[in-house]
Amino acid sequence: MNRRIINLLIIISIVMLVILIDFPFLNEFKSELFKRELIPILGLDLRGGMQVILQAPEGYNIDPDSLQVAAKILENRSNALGVSEVVFQVTGERYIVGEFPGLKNTEEVIKVIKQTGLLELVDVGTDFIQPDTVIQTDYQNPKIEDEELPKLSTPNPQKNETQPFNPTTTSPEKEKIYHTVLTGTAIKAVAIEPPTQPGAGYSIRFTLTDEGAKIFSDFTRDNIGKMLAIVLDKKVISSPVIRAHIDSGEGVITGQYPNVFTYEEANNLRVTLYYGSLPVSLEIAESRLIGPTLGQISLQKSLMAGVIGLIIVSLFMIIYYRVPGFVAIISIAIFGLITFAIFLIIPVTLTLPGIAGLMLSIGSALDANILQFERFKEEIRRGRTLIQAVDLGWKRAWTSIRDSNLATIITSIILFWFGSTFGATIVKGFALTLALGVAVSLFTALFVTRTILGLIIKPLEKSNRSFWFGISE
Amino acid sequence: MLNILSKRYVFFTLSFLLILPGLILIFINGLPLSIDFIGGSIVEVELAKKSLLSSDEIINIYNKLDIPDSQVQISETSDSNIYIIRSSSLDQEKYNQLIFTLRNQYDPDLIERRYDTVGPSISQSVTNRAAVAVGIAALAVIVYVTFAFRGIPHAFRYGVCVIIAMMHDILIVISLGAIGAKLFGWQMDSLYLTALLTVIGFSTQDKIVVFDRIRENSPILRNIAFEKLVNHSIIQSLQRSINTQLMTVEYLLLSLALFGGVTLREMAIILLVGLLSGTYSSIFIAAPILVVWENKEWKNWFRIGKTSQT
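Protein sequences appear in the order of chains E and L. Going by our numbering, the first sequence opens with residue 16, and the numbers climb by one from there. Going by our numbering, the second sequence opens with residue 16, and the numbers climb by one from there.
One should not assume that every hint holds.
For the chain L half of the interface with chain E, some residues (derived, Cβ under 8 angstroms), not all of them [as the list claims (entries may be wrong)]:
hint : residue
1    : L125
2    : R128
3    : A155
4    : T259
Going by beta-carbon spacing under 8 angstroms, a handful of chain E positions derived as facing chain L [to be verified]:
hint : residue
5    : I125
6    : I333
7    : D418
The hints are simulated quantities; they were obtained by calculation from the structure and are not laboratory data. Keep in mind it's a predicted model, so treat the numbers as computed, not measured. Where is the CB? At the ideal position from N, CA and C, for every residue including glycine.
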């Protein structure tokens with residue numbers, strides 16, 4: 016008896032704590048404590064937006080750090096270009112998942128991702144190369160690395176197979192490998208300059224680091240009259256002729272007529288140069304765009320469905336189990352409050368599959384109650400007193416609740432691992448809410464239903480059992 | 016007392032007949048896998064009815080953009096048509112061109128509902144990972160159940176029976192998917208995979224609850240035949256099985272199927288059937304197989320025909 020009161024006090028304090036977390040009380044204190052606002056985070060499928068999975072090319076060993084760096088650079092670029100709330104996350108060995116909530120225009124995404132942003136100043140000697148031509152340089156060139164390290168098995172089947180059959184398709188410019196004098200990493204500062212005359216387009220002025228400035232100075236001194244191509248992602252932007260020895264460490268990138276820069280193009284290039292080039296080249300392996308209206312409708316309708324389902328279930332529990340059924344509803348309500356608080360604290364991003372996982376864990380919590388009540392009834396039919404029946408019913412139901420729920424948690428953990436390794440947020444979200452929900456349902460089954468039922472059942476010992484408990488005598 | 020186990024071969028045959036049609040469909044048509052598993056693109060757009068866009072016109076636009084294998088599915092709402100277009104991979108630039116063309120020529124107020132593109136290498140790894148994950152989960156369940164039932168004889172059998180009955184439920188869901196593909200154009204996508212994994216989790220949970228009763232009764236009813244013990248345990252937990260399954264889980268999912276968004280409807284139907292199968296197979300597949308195993312009935316299968324009894 017005494018123990019029940021203590022348990023009840025513990026339950027009440029937990030409920031009060033989670034109510035404080037769930038509802039908007041003490042917002043400032045909570046923001047301070049958790050360093051963010053405690054509001055539910057909705058996944059892209061519920062609020063609309065775009066998800067892209069970027070993949071580093073197959074066949075190379077990707078350094079995990081360089082993927083992290085790439086994700087950070089992409090995030091900086093997106094923010095600088097005004098695409099808001101973007102998240103880029105590394106998943107698995109060669110994937111980066113980018114999420115753009117609320118985004119409608121897919122072109123912006125391409126702009127952010129497509130440019131690897133590798134700027135090179137290339138020694139082309141006296142070969143004039145048309146703007147937009149793709150050239151080969153000796154910087155980070157896998158083909159050259161191949162020759163230097165012949166034992167390294169870097170598969171490049173295309174090269175081996177296609178070249179003997181089609182030697183004419185590659186132009187001479189492409190085959191020649193030029194020397195890269197400097198790359199974008201030697202750049203210290205960038206600024207945009209407005210057109211100097213009408214129709215000239217914007218230009219970008221860059222300042223080199225001390226080391227870069229020295230190389231640049233030596234090179235321009237020795238190569239007056241020759242050309243130094245400015246190449247972005249292996250594509251020639253312009254090929255200015257070196258007219259004098261430059262020792263200031265400054266240079267200007269201007270588009271070559273008719274490909275002059277608009278303000279936007281110049282700004283994109285500035286952002287790309289400023290935040291640096293991606294350490295790995297990435298391609299879009301998967302992209303998903305969910306219209307915002309579809310997401311909102313799904314959310315409303317599934318919430319509605321959940322409420323209707325819960326009302327039907329509550330009615331059933333009360334009509335079938337009477338007093339215990341009522342206790343079960345309180346227990347499920349507490350389950351809901353605790354689960355929601357955990358979702359806010361972790362925080363769990365709610366997606367449609369996540370809601371499905373949550374609903375299944377509600378089913379699991381209900382099952383735990385039903386198991387106890389069926390055993391409770393059995394014990395009463397065997398002639399136990401109500402109080403004895405509550406405790407015995409719980410004890411007999413407990414082994415099945417424990418083992419079945421633990422098996423579900425084990426399965427969820429394996430699914431979560433499966434979802435994390437390749438970026439299937441769907442499976443991950445489902446497994447996470449299911450595992451958390453089942454864990455909380457273990458707690459409410461262990462603690463809440465038994466305690467409350469034990470407390471309110473005392474005065475009913477002499478009552479009409481068929482009315483209060485739905486048991487035919 | 017109700018004797019469920021005496022009719023065990025009837026239930027085995029029933030399950031076999033339920034699974035068979037789907038398996039035949041898969042044998043003929045292959046698995047109706049979506050782009051999530053084989054790669055490709057899916058575009059969903061909503062246009063006003065008055066735009067009068069036909070599926071042939073869409074396929075024409077796709078052909079002009081040089082995107083092969085396009086297929087169009089149209090679903091109608093009161094004042095608009097929703098076009099679901101599946102094709103081989105469609106990159107961002109071509110997607111933008113497509114939307115531009117549709118806006119210009121048919122409906123400037125077109126709503127982009129969905130655009131998914133999955134590359135073949137990603138989809139390959141999804142499929143492999145899923146198979147590995149289910150395999151590992153099954154092994155983990157066998158180990159866990161064997162451990163949890165270590166107090167009674169042949170604990171290992173319980174774990175294996177959980178997994179056999181779980182595979183029964185997987186087959187039911189796959190069969191349903193194949194029939195749904197034939198009748199309503201369903202595809203097995205990542206939501207389908209999620210539903211399948213849910214069924215697996217639930218199925219395991221339910222079987223452990225039913226087996227728990229056998230575990231509890233084993234030491235008490237040591238002197239009666241195993242078949243009677245199992246039958247007795249099933250009957251005892253029957254009320255709970257019915258209440259949990261029909262009244263709670265199915266109600267939640269039924270409301271999801273009836274009132275939930277379109278995205279969730281297909282998933283809810285699969286869950287509805289799969290979870291029902293999960294409860295059914297605990298009583299009519301998993302427990303009977305325990306008895307078949309205990310009696311080593313396979314020795315008699317080819318000697319005295321199908322209805323062997325103790």
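For a quick check of understanding: which of the numbered hints are violated here, in increasing order? Result: hints 1, 6 break, sorted rising.
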